[in-house]
Amino acid sequence: MKRYLVFVVIYLILIALSLVSTAYLEVIYYILFLMVISQSLNILMGFGGLYNFGHAVFIGIGAYAFALLVVQGINPYISMIAGGVLSSVVALLIGMVTLRLRGPYFAICTLAIVPAIKYLIIGGKIAGGAAGIVLLRYLIEAYNPYILSYILLSLSIIITILTLKISTSPLGYSLKALREDHDAALTSGVDATRCRVIAFILSALFPGVAGGVVAFKIFWVMPETVIDLTWSVEAILIVLLGGSGTVTGPIIGALIYEVLKDLLMRYFPGLQLLIFGLLVVALISVAPEGIVGLLGNRFKKLRRILI
Amino acid sequence: MFELAFQVLVYGLIIGAVYGLATMGLNLIWGVMRVVNFTHAEFLTLGAYTAYWAWVLLGLNPIASIPLSALLGFAVGLLVFYVIIYKLLFSPDIHSTLVATFALGIALAELMKVLWTADYRGVPWALGVIGYSWFSIPTTYVIAFTTCVLIILAMYLILYRTYLGKSIRAVIWDPGAAAICGVNVKRTLAIGFALGSALAFIGGSLIVVYLPTGINPYMGHLYLLKCFVIAVVGGLGNPWGALVGGLVLGLIEQAAPTLLGFIPGVEPLSFTPFIGFLALIIVLLVRPEGILGKR
Numbered sequence: 009m010k011r012y013l014v015f016v017v018i019y020l021i022l023i024a025l026s027l028v029s030t031a032y033l034e035v036i037y038y039i040l041f042l043m044v045i046s047q048s049l050n051i052l053m054g055f056g057g058l059y060n061f062g063h064a065v066f067i068g069i070g071a072y073a074f075a076l077l078v079v080q081g082i083n084p085y086i087s088m089i090a091g092g093v094l095s096s097v098v099a100l101l102i103g104m105v106t107l108r109l110r111g112p113y114f115a116i117c118t119l120a121i122v123p124a125i126k127y128l129i130i131g132g133k134i135a136g137g138a139a140g141i142v143l144l145r146y147l148i149e150a151y152n153p154y155i156l157s158y159i160l161l162s163l164s165i166i167i168t169i170l171t172l173k174i175s176t177s178p179l180g181y182s183l184k185a186l187r188e189d190h191d192a193a194l195t196s197g198v199d200a201t202r203c204r205v206i207a208f209i210l211s212a213l214f215p216g217v218a219g220g221v222v223a224f225k226i227f228w229v230m231p232e233t234v235i236d237l238t239w240s241v242e243a244i245l246i247v248l249l250g251g252s253g254t255v256t257g258p259i260i261g262a263l264i265y266e267v268l269k270d271l272l273m274r275y276f277p278g279l280q281l282l283i284f285g286l287l288v289v290a291l292i293s294v295a296p297e298g299i300v301g302l303l304g305n306r307f308k309k310l311r312r313i314l315i
Numbered sequence: 081m082f083e084l085a086f087q088v089l090v091y092g093l094i095i096g097a098v099y100g101l102a103t104m105g106l107n108l109i110w111g112v113m114r115v116v117n118f119t120h121a122e123f124l125t126l127g128a129y130t131a132y133w134a135w136v137l138l139g140l141n142p143i144a145s146i147p148l149s150a151l152l153g154f155a156v157g158l159l160v161f162y163v164i165i166y167k168l169l170f171s172p173d174i175h176s177t178l179v180a181t182f183a184l185g186i187a188l189a190e191l192m193k194v195l196w197t198a199d200y201r202g203v204p205w206a207l208g209v210i211g212y213s214w215f216s217i218p219t220t221y222v223i224a225f226t227t228c229v230l231i232i233l234a235m236y237l238i239l240y241r242t243y244l245g246k247s248i249r250a251v252i253w254d255p256g257a258a259a260i261c262g263v264n265v266k267r268t269l270a271i272g273f274a275l276g277s278a279l280a281f282i283g284g285s286l287i288v289v290y291l292p293t294g295i296n297p298y299m300g301h302l303y304l305l306k307c308f309v310i311a312v313v314g315g316l317g318n319p320w321g322a323l324v325g326g327l328v329l330g331l332i333e334q335a336a337p338t339l340l341g342f343i344p345g346v347e348p349l350s351f352t353p354f355i356g357f358l359a360l361i362i363v364l365l366v367r368p369e370g371i372l373g374k375r
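If you're matching them up, the sequences are chains A and B in order. Count the first sequence with the numbering used here and you get residues 9 to 315, in order. Count the second sequence with the numbering used here and you get residues 81 to 375, in order.
No lab work stands behind these hints: they were computed from the structure. One thing to keep in mind: the hints can contain errors.
In the DSSO-like style, the derived pairs of lysine-lysine whose C-alpha atoms are separated by at most 27 Å in a straight line are [as the list claims (entries may be wrong)]:
#, chain 1, residue 1, chain 2, residue 2
1, A, K225, A, K269
2, B, K246, B, K167
3, A, K269, B, K167
4, A, K184, B, K167
5, B, K193, A, K269
6, B, K167, B, K266
7, A, K173, A, K184
8, A, K225, A, K133
9, B, K266, B, K246
Work out the full structure: start from the sequences and follow the hints.
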């Protein structure tokens with residue numbers, strides 16, 4: 009039960025703060041969004057050791073599916089779930105092809121998929137091309153910032169429980185074995201592609217739903233804004249910053265990342281990214297295994313709770 | 081039709097050579113120490129700014145500013161390597177260098193924005209054109225292309241004809257065995273990183289020739305993505321792969337808008353990047369180790 013304590017405390021603090029003022033709610037929305045995308049990335053990246061730069065594609069697919077369904081007059085919340093399912097289907101297709109690649113080749117192939125899909129939509133004039141789809145008149149009445157944040161909160165809770173379950177399941181052990189020694193795992197009878205495709209599908213489901221939330225929040229689906237490589241990179245940064253392959257890592261990473269960014273924006277406007285970049289460099293130099301790894305090494309008692 | 085094909089071929093080769101040079105540094109750093117250097121984008125941008133300031137303050141044209149650019153790049157590379165990269169190389173998760181180089185890139189881009197504003201700048205260097213009635217090409221492009229080829233040749237000589245180059249290649253092959261044979265691995269890694277960074281700076285300075293008004297603190301990101309594509313298409317860790325990949329991408333970028341113009345319903349210019357990335361994905365799936373990579 010101790011393991012769940014950290015999450016319960018963090019989530020309760022977030023809920024309490026979200027009720028205090030709408031200014032906090034905005035920050036908490038971003039924290040929760042980052043938690044969802046980084047925790048879902050962690051399934052394949054943390055356990056499987058595969059760096060997926062294509063995570064932003066799943067957000068984009070979720071957002072586009074959401075927009076196309078909402079325009080047809082379908083309930084927005086059902087559309088979000090449909091977006092998640094569709095992005096899982098796409099993950100199955102992408103995964104079957106790309107997950108045979110190893111290490112850096114997989115990373116760069118997924119890195120290329122993001123701009124490829126973006127320019128396919130812009131250049132092929134699909135779903136409105138570069139101008140995208142404006143959703144304001146379909147959604148303005150249903151808009152409620154609290155509901156959107158709580159959807160992200162529940163997604164984050166579900167995915168955290170899922171990650172905890174996976175970390176001690178046969179799937180989790182197979183992924184870790186493949187990460188540590190690919191050939192040895194294959195010899196022991198691990199079906200590499202199958203394991204990774206399952207992990208990939210699971211990790212695509214949640215950003216797909218979160219993509220719908222993003223589209224709902226900004227009322228406008230556009231290739232430049234919803235298929236944004238920055239999200240992929242931010243998710244990877246958060247996982248590495250928090251502690252790759254741990255369940256608490258992405259949660260703490262997302263919290264620190266967004267709070268740090270927000271504080272710097274408030275106190276050093278114009279210089280925030282400069283200081284942020286230098287701080288992250290310093291942080292990763294001090295804690296190459298991530299914050300959770302650093303805390304776990306310093307305080308042995310915390311280790312059991314955190315990792 | 082022949083005129084068009086010839087034009088596409090020449091421009092493709094010229095742009096491709098610069099792409100190849102700009103990627104070589106990234107590829108060298110990956111090959112030597114298995115670090116994906118995200119700061120490469122900012123190194124390119126710094127090289128472009130070096131050319132710009134050399135033009136404004138010293139009156140040097142972008143080609144003449146290359147030695148300055150290379151020296152600066154080498155110094156910056158050494159500094160970054162000893163202060164940040166080296167410690168992280170032996171950490172349990174090698175990918176922490178990914179975070180460090182990415183965050184350093186953000187900081188450098190912002191530093192450039194603070195120092196030199198986000199305005200677009202350019203170097204108006206022009207020397208007329210070369211060519212006949214139906215074919216013409218700016219003289220500066222030809223000069224930049226020639227310089228590019230010469231630098232690539234120099235790189236070849238350094239990598240294959242000097243002790244330093246041999247030790248770099250030995251470290252790429254097998255760091256442990258290289259150390260046993262008496263190669264100073266730490267120093268070789270440092271010089272490899274600095275050389276990669278110098279190549280990025282040179283690439284940035286040369287890109288200036290093709291960009292009359294395109295220097296901006298964030299310009300590097302566009303090229304970084306292209307560099308990744310080129311590096312993998314050619315073969316990761318193989319500096320010659322970078323050249324082949326660069327030429328392939330340069331030709332695709334020049335040919336695709338013309339060919340796509342025949343297909344109705346598409347926007348040729350914004351569809352071209354898609355073709356480039358599609359080519360990468362196909363190359364990866366057919367030959368994961370790249371065109372020149374070793375199996």
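Hint by hint, here is what the structure shows:
1. A:K225 x A:K269: holds (20 Å)
2. B:K246 x B:K167: Given that 27 Å is the threshold and the Cα spacing comes to 25 Å, the pair holds.
3. A:K269 x B:K167: Judged against 27 Å, a Cα distance of about 26 Å means the pair holds.
4. A:K184 x B:K167: holds (26 Å)
5. B:K193 x A:K269: holds (18 Å)
6. B:K167 x B:K266: The given pair, whose Cα atoms are some 11 Å apart, holds under the 27 Å limit.
7. A:K173 x A:K184: holds (14 Å)
8. A:K225 x A:K133: holds (24 Å)
9. B:K266 x B:K246: Roughly 15 Å between the alpha carbons, so the hint for B:K266 and B:K246 holds.
Violated hints are absent here; each numbered hint is respected by the structure.
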